[in-house]
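Novice: Listed below are the residues making up each chain.
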Amino acid sequence: NAGVTQTPKFQVLKTGQSMTLQCAQDMNHNSMYWYRQDPGMGLRLIYYSASEGTTDKGEVPNGYNVSRLNKREFSLRLESAAPSQTSVYFCASSREANYNEQFFGPGTRLTVL
Amino acid sequence: AQSVTQLGSHVSVSEGALVLLRCNYSSSVPPYLFWYVQYPNQGLQLLLKYTSAATLVKGINGFEAEFKKSETSFHLTKPSAHMSDAAEYFCAVNPGGGAQKLVFGQGTRLTINP
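As they're listed, the protein sequences go chains A and B. Whatever position you read off the first sequence (first residue = 1), add 321 for this note's numbering. Whatever position you read off the second sequence (first residue = 1), add 15 for this note's numbering.
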């Protein structure tokens, strides 16, 4: 089992460019999440998908879009990147029920110049 | 809104000393609580979780945490620090309800001095 995988690992963009971060999980989880991690702020939820075909906004959704392509894959798109989106992005997945932990990918380090 | 506060963004202890990382939460309903660890340039890994079965929860690598409802706390401890414990630690709360969302604290970076 690979768990949660993310591509790319690193990316540098210029302001205004677009890109898509890819995430896949092989644990047959229904729920998937995208977070951003910034120094001193912990992880903040951008979007989540409770099940295939549904997506909902998290705490910081502005400037992002998501697609739940199928049960395995959940992508995050930046349509017009801004320097404020420089961050480390983590994808996670979990089974249903609030007591279940989330499993995290290795992260994508994004720099927007 | 649910929130998590981790007291101390940096904690430094000597090897072999007690590790104590503090976490307080706000929740109007009994929460589910988690501690995660993040080693440099890696994702988050679950250390332990509280799901109301027992107030003292044991996790991996010798860590444990005690849920204290009266203090709204879930502090993480380890009796004897090891150099390999140097990492960032995150407390998180799932406030319940329909969605399995987590609210994270700001994180505490643990440094171990030889």
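These aren't lab readings, by the way, just hints derived from the structure by calculation. These numbers were taken from a predicted model, which means no experiment stands behind them. Treat the hints with caution; some may be incorrect.
As the list claims (entries may be wrong) - One-sided excerpt, in silico: chain B residues whose CB lies under 8 Å from chain A:
(1) His25
(2) Leu35
(3) Arg37
(4) Ser41
(5) Tyr47
(6) Pro55
(7) Gln57
(8) Leu59
(9) Lys73
(10) Phe78
(11) Leu117
(12) Phe119
(13) Gly120
(14) Gln121
(15) Gly122
(16) Thr126
All C-beta atoms, glycine included, are put in the ideal place defined by N, C-alpha and C.
Novice: State for each hint whether it applies.
Specialist: Hint check:
The beta carbon of His25/B comes no nearer than 11 Å to any beta carbon in chain A, farther than 8 Å, and the hint placing it at the interface is violated. Given the 8 Å rule on beta carbons, the hint for Leu35/B is violated: about 19 Å separates it from the nearest Cβ of chain A. Of the supplied interface hints, the one on Arg37/B is violated, with its beta-carbon coming no nearer than about 14 Å to a beta-carbon of chain A, more than 8 Å. Interface restraint check for Ser41/B: the shortest CB-CB distance to chain A comes to about 15 Å, outside 8 Å, so the restraint is violated.
At a threshold of 8 Å, the smallest CB-CB gap from Tyr47/B to chain A is about 5 Å, leaving the interface hint in force. Evaluation of the Pro55/B hint against chain A yields a violated restraint, the C-beta minimum of about 11 Å exceeding 8 Å. The interface hint given for Gln57/B holds, since its Cβ lies 6 Å from the closest Cβ of chain A, which is under the 8 Å cut-off. At a threshold of 8 Å, the smallest CB-CB gap from Leu59/B to chain A is about 4 Å, leaving the interface hint in force.
Look at Lys73/B: its Cβ only gets to about 15 Å from chain A, farther than 8 Å, so that hint breaks. A hinted interface residue such as Phe78/B counts as satisfied when its beta carbon comes closer than 8 Å to some beta carbon of chain A; here the least separation is about 15 Å, so the hint is violated. Satisfaction of the interface hint for Leu117/B is found here, the shortest Cβ-Cβ separation to chain A being roughly 6 Å, below the 8 Å cut-off. With 8 Å as the threshold, the beta carbon of Phe119/B comes within range of chain A, its nearest partner Cβ sitting at about 4 Å, so the hint holds.
Nearest Cβ of chain A to the Cβ of Gly120/B: about 5 Å, under the 8 Å cut. The hint holds. A distance limit of 8 Å between C-beta atoms decides the matter here; for Gln121/B the minimum to chain A is near 5 Å, and the interface restraint holds. With 8 Å as the threshold, the beta carbon of Gly122/B comes within range of chain A, its nearest partner Cβ sitting at about 5 Å, so the hint holds. Annotation: Thr126/B was flagged as interfacial toward chain A, and the flag is violated, the nearest CB pair being 16 Å apart, outside 8 Å.
Consistency note: the structure conflicts with the earlier hints numbered 1, 2, 3, 4, 6, 9, 10, 16.
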